[in-house]
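Visitor: Here the protein sequences come in this chain order: B and Z. For the first sequence, this note's numbering assigns the number 1 to the initial residue and increments by one for each residue that follows. For the second sequence, this note's numbering assigns the number 1 to the initial residue and increments by one for each residue that follows.
Please note: incorrect hints may appear among the correct ones.
The list treats identical chains as one, so a pair stands whether inside a single copy or across any two.
[Stated by the list, open to error] Straight-line distance between alpha carbons at most 27 Å, and here's what the computed BS3-like set of lysine-lysine pairs gives:
id : residue 1 : residue 2
1  : K262      : K117
2  : K119      : K93
3  : K30       : K2
4  : K117      : K2
Hints listed in this document are in silico derivations from the structure and should not be mistaken for laboratory results.
2 protein chains.
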Amino acid sequence: MKMSLDCIPCFIRQAADAVRMSASSAEEQKHLMHNILQWMGEIDLNQSPPAASQMIHRRLRSLLTTDDPYRLAKDQHNQLAAALIPSIRQYIKSSADPLIMAVRYAITGNIIDLGAKNKIGYGEIYADLQSASMQPVYGNMDSFKKAVQEAKTILYLADNAGEIFFDRLLIEQLSRVRITMAVRGAPVINDATISDAEAAGISEIADIIDNGSDAPGTILDDCSNEFRLCFKNADMVISKGQGNFESLSEEKREIFFLFRTKCPIISRHSGFCVGTYVAANLSAMPNYSSGAIL
Amino acid sequence: MKMSLDCIPCFIRQAADAVRMSASSAEEQKHLMHNILQWMGEIDLNQSPPAASQMIHRRLRSLLTTDDPYRLAKDQHNQLAAALIPSIRQYIKSSADPLIMAVRYAITGNIIDLGAKNKIGYGEIYADLQSASMQPVYGNMDSFKKAVQEAKTILYLADNAGEIFFDRLLIEQLSRVRITMAVRGAPVINDATISDAEAAGISEIADIIDNGSDAPGTILDDCSNEFRLCFKNADMVISKGQGNFESLSEEKREIFFLFRTKCPIISRHSGFCVGTYVAANLSAMPNYSSGAIL
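If we strip away everything but chain B, and leave its shape as in the complex, we get (with noise of 0.2 Å):
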């Protein structure tokens, strides 16, 4: 999908949270954000969001002292969602359909999203736990199960750090198949990388490889060709998070989208109202228009 004027403002406010935690002085910070701005100002607005989001943050990278600005906060997150996950784990393996349960915490999990915002309070994350077992799940879980049961081999796109604890919990109702997890190639935002897989202890039920792209999303042309081959091949394609989303929009093979609608843009796209609990495929999006909506 191609980005909206909307997606500027985020745009800037991404490279503002990247400038404060990298940037020692405010005289620095200011140089910095006029530096972006001006930038800013010859960028292809005809992009899709990731496909932007990426050269803004590799431009941030050039300028700021170091290429990972949002490593403490990423770090920050896997400990959170590290400590919280046994507890979930239980209840969700307890639960009447354990799949369905282990997709709402995953879901529940994609709020943990620097790029949509620029803080997520403790609070706000412990409060959508506290009310993810009764969320209404939106599009067709059937398909996704009937999916589930049939495929043989599962690509799974991961999309942020401390959010990958909770892929976790849905990978382990999957694991009678075949999983592969894809991560990020190079520190983007807060979006996972191999180190978060890791983290996660991803390598204990599943595949991990990087799909060698610096894009918060999946820009299919960005990726290395082993990234691609697994995503042609696989039985089916699970991607987390509204980047994936965003990047992947124009795909012709099928995959099954999981996310949390954070903004209107993505609303709009996918015609499901902000704060939704998506798992859908195209076909079960409302009003799903791959156009530019400026």
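Please arrange chain Z on chain B, whose structure you already have, making use of the hints.
Guide: Relative to chain B, chain Z alone:
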């Protein structure tokens, strides 16, 4: 107060709003956004938010085909408010303390602010009006009441169109004294100008002046001599909204600020949580800080 890095995404969002309201084609919208982003790359980030916003909206008006992109939105909010205020006036009159009740509704009206967010749904306004009568007002209402009782002249600084009808209800409660309402000297965002004051019938109960400035706040150095004289000589100054607070919070004379805290920057500067109904002079702000918060 000085702006924060967090103000920049909000300015860009305002620019996107104004561009979308005025530019006809998608290509024109993108061209304008590129232009404003590049131009923002050189803006002085040591200004107050209203001073920066003044420059940005001047620039926008020079690029757009209209000098008042928000006129339609302002008319719609005026019409909505005009329909609502007769019943609210009755409710205020019949309440135990009409002055504090009018203050509550005046502050409720302050949500009609297209600087702080890009859409104010009618549902949101109705919902806020439903709960308005029960809202605690933070600050020093006793001092406010005392100042109202003692003042012979009051200068009331209006904020937004639509909201100005609710200001009228408060002015009706102050009507034993001579009131002057000041509006912006030229259109900027959805801030009220002379025509909005006339639409709200302010001239029936108060004098109306414009402040001679096109800033979405009150930057005294940018205001007319007539306004500054009025500001200096008034026994009491009542200032509505965030923009007036942002631009007047360094002033030495006593000012009673009435606003809803609508963003974390104002929350940090005033010491009141986001969403608070504030009626306070600076001495009653729990954590007032005049420094820049980057």
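Visitor: Which of the stated hints cannot be reconciled with the structure, identified by number in ascending sequence?
Guide: Hint 2 alone not satisfied by this model.
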